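Colleague: Take a look at the letters that make up each chain.
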Amino acid sequence: MTDSLLEISGLKVAYGGIHAIKGIDLHVASGELVALIGSNGAGKTTTLKTLAGLLHPAGGQIRYDGKSLDSVAAHRRAAMGIALVPEGRGVFARMTIEENLLMGAYSRSNNSEIATDLERMYGLFPRLGERKDQLAGTLSGGEQQMVAMARALMSRPRLLMLDEPSMGLAPLMVQKIFDTIRDIAALGMSILLVEQNARLALEVAQRGYVMESGAIMLSGAAGELLGSDAVQRAYLGG
Amino acid sequence: MKPDRKFVMLIAALVIALFFLPFVTDALLGRGWVRILDFAMLYIMLALGLNIVVGYAGLLDLGYIAFFAVGAYCYALTDSPHLAQAFPMLFPVGVHLPFWIVLPMAALVAGGFGVLLGAPTLRLRGDYLAIVTLGFGEIIRIFLNNLNAPVNLTNGPQGISFIDPISVLCVSLNKTQTFFGIAFPSVHLYFYLFLAFTALVIFVSQRLEKSRIGRAWMAIREDEVAASAMGINTRNLKLLAFAMGAMFGGASGALFAGFQGFVSPESFSLMESIMVLCMVVLGGMGNIAGVILGGVLLALLPEVLRNIVVPLQQALFGRTLVDPESLRMLLFGSALIVMMLYRPAGLLPSRLRRREFGGDDAAAEESVYDATH
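Here the protein sequences line up with chains A and B, keeping their order.
In terms of the numbering used here, the first sequence opens at residue 1 and continues consecutively.
In terms of the numbering used here, the second sequence opens at residue 1 and continues consecutively.
To be clear, the hints were calculated from the coordinates, so they are not data collected in a lab.
Bear in mind that the values here come from a model prediction, so they are computed numbers and not experimental data.
Treat the hints loosely; a few may be bogus.
[Stated by the list, open to error] Distance ranges between label pairs, derived from CB positions:
| no. | chain 1 | residue 1 | chain 2 | residue 2 | range |
| --- | --- | --- | --- | --- | --- |
| 1 | A | Glu119 | B | Ile337 | 41 to 49 Å |
| 2 | B | Ser167 | A | Arg108 | 25 to 33 Å |
| 3 | B | Ile337 | A | Ala170 | 35 to 43 Å |
| 4 | A | Ala58 | B | Met89 | 35 to 43 Å |
| 5 | B | Met340 | A | Ser71 | 41 to 49 Å |
| 6 | B | Tyr342 | A | Gly31 | 54 to 62 Å |
| 7 | B | Leu347 | A | Ser71 | 44 to 52 Å |
| 8 | B | Asn307 | A | Arg108 | 50 to 58 Å |
[Stated by the list, open to error] Chain A stretches covered by chain B per the calculated footprint, using a threshold of three residues with CB under 8 Å from any CB of chain B:
| no. | stretch |
| --- | --- |
| 9 | 14-25 |
| 10 | 89-99 |
[Claimed, not checked] One side only, chain B facing chain A, incomplete, derived with CB under 10 Å:
| no. | residue |
| --- | --- |
| 11 | Ser211 |
| 12 | Ala219 |
| 13 | Ala226 |
| 14 | Ala227 |
| 15 | Ile232 |
| 16 | Asn233 |
| 17 | Thr234 |
| 18 | Pro324 |
| 19 | Ser326 |
| 20 | Arg328 |
| 21 | Arg343 |
| 22 | Pro344 |
All C-beta atoms in this analysis are idealised placements derived from N, C-alpha and C, irrespective of residue type, glycine included.
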């Protein structure tokens, strides 16, 4: 696995004395869409937050693009091309859609390129273009998810991490969001997708990891996981 | 804002109006009012400084007056006979640096205290931050009150007096000066000085609001985790907000000390911090014009009451039944309640706050809550 964009080995994270992640191995190759599924409290969000630099690991290695991320602060990781769409979307509620998207380009400096990307985002999410001067806090949950995704893409990431993009959304909107994820992946972006909705996640992903109480229980090609008895029983209600 | 003709004309008209304002109040309202306006401007500067911390970066600071105190004592210590009296060996004639050196020094020292407060509170937000900042404000005041022993640094509760007045270009602002045959009393001279500084503070605030730093502050205010994921160095920017706010506070403190000629710890009580915060909230958090309006209203309110309520009661009842000071708190409290009910975003809310509270009809129509919400 020399061409891995992201490579995690033996990662441990603890909150105080509680071990939330007990040594996991995971990798994402360039251009790959990888799903990390599991139930509530399995440690999925903790994994993403640690990758984004918001939490500090208690042990293990994170390598991104061949370099160790150990001493890289959160704001530097964003500039290195790691973008996080946080759980609960985390839009800047009292800023307009456009201001939100421009914040995504905070670590970039080429204004004409940023303007081009802004137009590209409005092309990808026409709904946002129609409402670009509206406050993000007044949007529906699905629209906020679009803002959060577009904002993350504005940093021109190489690795996009999505935390529960389907959370709290109507089924129709969930479908839309996942169509967009598929579109973004088709452009060659590397994506690490965390989801509770295992079926949806495995349907769009190439590979998947199943997490349980801070450890990886299963991993493999998404199609195999989708068909496996263990996953069927535990997450897909079959 | 483009400097078009209309805008330039407006500014020119404003400058002329403000130039004549002290003479007009003297003629119409009596002698004491220019002094009140001077204080109002000090409050505006303070409120604009606090607006950076609370309005832009969303860090609730209940001890802001401490920075005003630090600035005031910086000026008081360097430009008064106190050091010469307390430490005759070290400072045989005191320090007595010129105003233009002490002012930036006071701002920098206050900024340092801002970082001192900001660093240990980086992980705190909202109520928790408010409690720590409140404690910080009290610590500074109590220190000033008690640092007269074992070494007499602050002269304790007696405060420091005989502070050198501010002089600009060798012109002392402490006595009436005559320019072009017009006599400008001391309070008028201070009025123009404070006006210039207020204009500077407004200008800096406005530039900050529109800057990359200002946008990063607002992102931190809205969602710190997301802001950090955007590549914003939240630690440094929060410290910078504390430091910038504190510098404004420190500079106005130095102006206050020079103007007043006397400082003592009792000028820097918790009530003052709350007063400045109320100016920010009442006028419209995050909006410069709103904060100015809040500052003017709250600074003038007690004086207006004193000048209206007492004579009115004298005329009606022959004696003063209600003390204007207690009436002030009553009015102040009711005003806040009325504000919360009818204008929760402030008197002059910022564009975004107004829309958030649904005051703007167009925006209200736009906001769609679909089934997912």
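Colleague: Each of the hints needs a verdict: does it hold here or not?
Modeller: A quick look at each hint next to the structure:
no.: 1; hint: Glu119/A / Ile337/B: 41 to 49 Å; verdict: holds, 48 Å
no.: 2; hint: Ser167/B / Arg108/A: 25 to 33 Å; verdict: violated, 49 Å
no.: 3; hint: Ile337/B / Ala170/A: 35 to 43 Å; verdict: holds, 40 Å
no.: 4; hint: Ala58/A / Met89/B: 35 to 43 Å; verdict: violated, 56 Å
no.: 5; hint: Met340/B / Ser71/A: 41 to 49 Å; verdict: holds, 47 Å
no.: 6; hint: Tyr342/B / Gly31/A: 54 to 62 Å; verdict: holds, 56 Å
no.: 7; hint: Leu347/B / Ser71/A: 44 to 52 Å; verdict: holds, 49 Å
no.: 8; hint: Asn307/B / Arg108/A: 50 to 58 Å; verdict: holds, 57 Å
no.: 9; hint: 14-25; verdict: violated (count 0)
no.: 10; hint: 89-99; verdict: holds (count 8)
no.: 11; hint: Ser211; verdict: violated, 12 Å
no.: 12; hint: Ala219; verdict: holds, 5 Å
no.: 13; hint: Ala226; verdict: holds, 3 Å
no.: 14; hint: Ala227; verdict: holds, 8 Å
no.: 15; hint: Ile232; verdict: holds, 6 Å
no.: 16; hint: Asn233; verdict: holds, 4 Å
no.: 17; hint: Thr234; verdict: holds, 7 Å
no.: 18; hint: Pro324; verdict: violated, 38 Å
no.: 19; hint: Ser326; verdict: violated, 38 Å
no.: 20; hint: Arg328; verdict: violated, 33 Å
no.: 21; hint: Arg343; verdict: violated, 17 Å
no.: 22; hint: Pro344; verdict: violated, 14 Å
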